[in-house]
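Participant: For chain A, the structure is supplied; the task is to place chain B on it using the hints.
From first to last, the protein sequence lines are chains A and B. Its first residue numbered 1, the first sequence is counted upward by one per residue in the numbering used here. Its first residue numbered 1001, the second sequence is counted upward by one per residue in the numbering used here.
The reader is advised that the hints may include incorrect statements.
The calculated lysine-lysine pairs, modelled on DSS-like cross-linking and capped at a C-alpha distance of 30 Å, are [to be verified]:
no., chain 1, residue 1, chain 2, residue 2
1, A, Lys104, A, Lys252
2, A, Lys393, A, Lys104
3, B, Lys1139, A, Lys386
4, A, Lys104, A, Lys386
5, B, Lys1093, A, Lys393
6, A, Lys393, A, Lys252
7, B, Lys1139, B, Lys1093
8, A, Lys393, B, Lys1139
9, A, Lys251, A, Lys287
Just so you know, the hints here were simulated from the structure itself, not pulled from any lab data.
The residues making up each chain are set out below.
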Amino acid sequence: MVETALTDLMYGFSVAFEPHNIMWCFLGVLVGNMVGVLPGMGPVATISILLPLTFGMKPVAAILMLAGVYYGSQYGGAICSILLNLPCHPPHAVTCLDGYPLTKMGKGGTALGVTVISSFVGASWGITEMIFLAPLLVSVALKFGPAEVCSLMLLGLLAGSTLARGSPLKGITMTVLGLTIGIVGADIETGTPRLTFGLMELYDGVEIVALALGVFGIAEFMRSINQDIKLDMRYANVRMRDMWPSREDLKKSIAPMFRGTLIGSLCALIPGTGPTIASFVSYATEKKISRNPEKFGTGVIGGVACPEASTHSSVQGDFIPTMSLGIPGDTTMALLLGALIIQGIVPGPQLISQHPDIFWGLIASFWIGNILLVVLNVPMIGLWVKLLAVPYKYLYPSALFFVCIGVYGANNDMFQVGLTIFIGIFGYILLLLDFHPAPILLGFVLGPRFEENFRRAMLISRGDIFVFVKHPISAVFVGLSALLILLQVYLWLRRLKWPMRLPQAAATPSQAE
Amino acid sequence: MRPRESRSFPHKSQNNVRRLFSLKRDYYAGALMMLLGLITAHEGSNYPMGTLYQMGPGYFPIALGILLIFLGALIALTAIGSTVEEQEFSMPKPEWRGWACIIAGPVLFIVLGRSTGMLPATFACVFVAALGDRETTLKGALVLSTVVTIFGVLLFHYLLQLPMPVLTWSGQW
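Excised from the complex, chain A in its bound form:
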């Protein structure tokens, strides 16, 4: 098995090293790193803006670039957290706790250096995990019938909406809303236009870019405008030679780095627990097993190494369920899946065998991209630090233009731009009502496939709804889903009994994810 994996990987490298593919990969990580650094821009909005530009590209190049934006932005996000104490990107919120004190002590460069090393270690492990685990998952998933696919999607959707941030009940509601938006347009079997409210333009459905940019673009701008986030640039003078950690610092961060990597790679396997949860869990664990936990928060180098390693191993691991099962774990993965669907590629277990160039090329590009990122981040740190100072008042109007032209470019259709505005206003209302809109995109992407498989399962079983518990594999998924819901009910009841406020996670001024 190792041998086939290595042969396939070599093939992947031959794909990823094709000049145009390597160019797109570089462009992706560069843009990703840039938006990661810029406070107020997130990978989701960026990928949505870039998505229409990829329509004319080959699928491999498109997916390499969009994926590059995602993991590239993780490198950039750490800079923002450590130097400015700005948790612009949720996975890096916890890095602020020890990263910023280190910066104030004048060791910001060291913290960044350790971050780059931890990130690379974490990412490498995540990629290795994907190489061996994804084919294994696929060999199981290929035996799935419509009933199994359906219950697996149900589990994925439930996990994605209950384990993410915010109230689980509201998360589920957002998923259902996403499913509903997903069925707008012509019915696949009969062609009946559904939920179009008489608008011809909605016949082809809501454009994924319009939905993503409405919710994560316009709504986000409406929330962030005139919020005056104070940028404290006093300590943000970091040059390349400050970045080499001393031998002692390195020694102190190795163990947390590996523990973080492990936690991240485990979190990646549970759908719905993306990098954000991984970084919080690993920081908490690190604090718990430390001999002097009281020092955490005052600038412990291990408190930077562990969450960063776990973020990156989880970011890479996130691709496993997406690419092997076709079930995205979070918003970004849902977008990437949407990109594949637009390219005419059916996501699911058959992807690896039908499009080995995409799968193995993507994995190989992860290595290349991560090495490029290390190269980008060490010598060019001064440039990234300068980017930190770009004020929001210049950022959002430019981004708004990219939103407009991006949505227009998706279909050369101004109607979708109007729809984006509408969704943006609606999305802002949802934000005000304390909904976390991320699961909408999950439901939206999975909706049509869920319905299709559900209908097929019903057809095969002659309308027997219990088919989902009669098939053993499907029954396991349904059982796990039921367990998830029961767990949430239990947690809710317990909170009612002992009303206590959970310690709020570090406040995030923008939840660009």
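Facilitator: Structure of chain B alone, referenced to chain A:
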């Protein structure tokens, strides 16, 4: 007694009002979802529903609509038991100027994009959106929108060849 009462009363009622208002956030959230569910289910009932064996196009919308109504009711109901602090209505200070400019930018992009082409549309969109920030000066907005327009036209028209005319007059708004 009387002066004391009059002193404490407004305070208390203010508290009560605040409390009611605070609690309302999840009532609104639930109501909104129930409304959306109702619309979905109603629209779904226009299409043939079919049976579970052979589901028609109406089956899923109706099911999702009912689910949304149920979840909306659940959100509103669970809000009754929660404490006030949990339900603090975090309505930010209204940013009418910012909101209006953020909406007006894309609207102008649509209108001008259809009638006059990419160049005026881009310029107007960025310029108006930039005015939403209180600190932006007229000059700053002008410079920003000029830069973005040049960059945008070069990138999208010449490099990516988006089929949208740079400058035109279609005669229709």
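Participant: Hint by hint, where does the structure go against what was stated? Just the numbers, ascending.
Facilitator: 6
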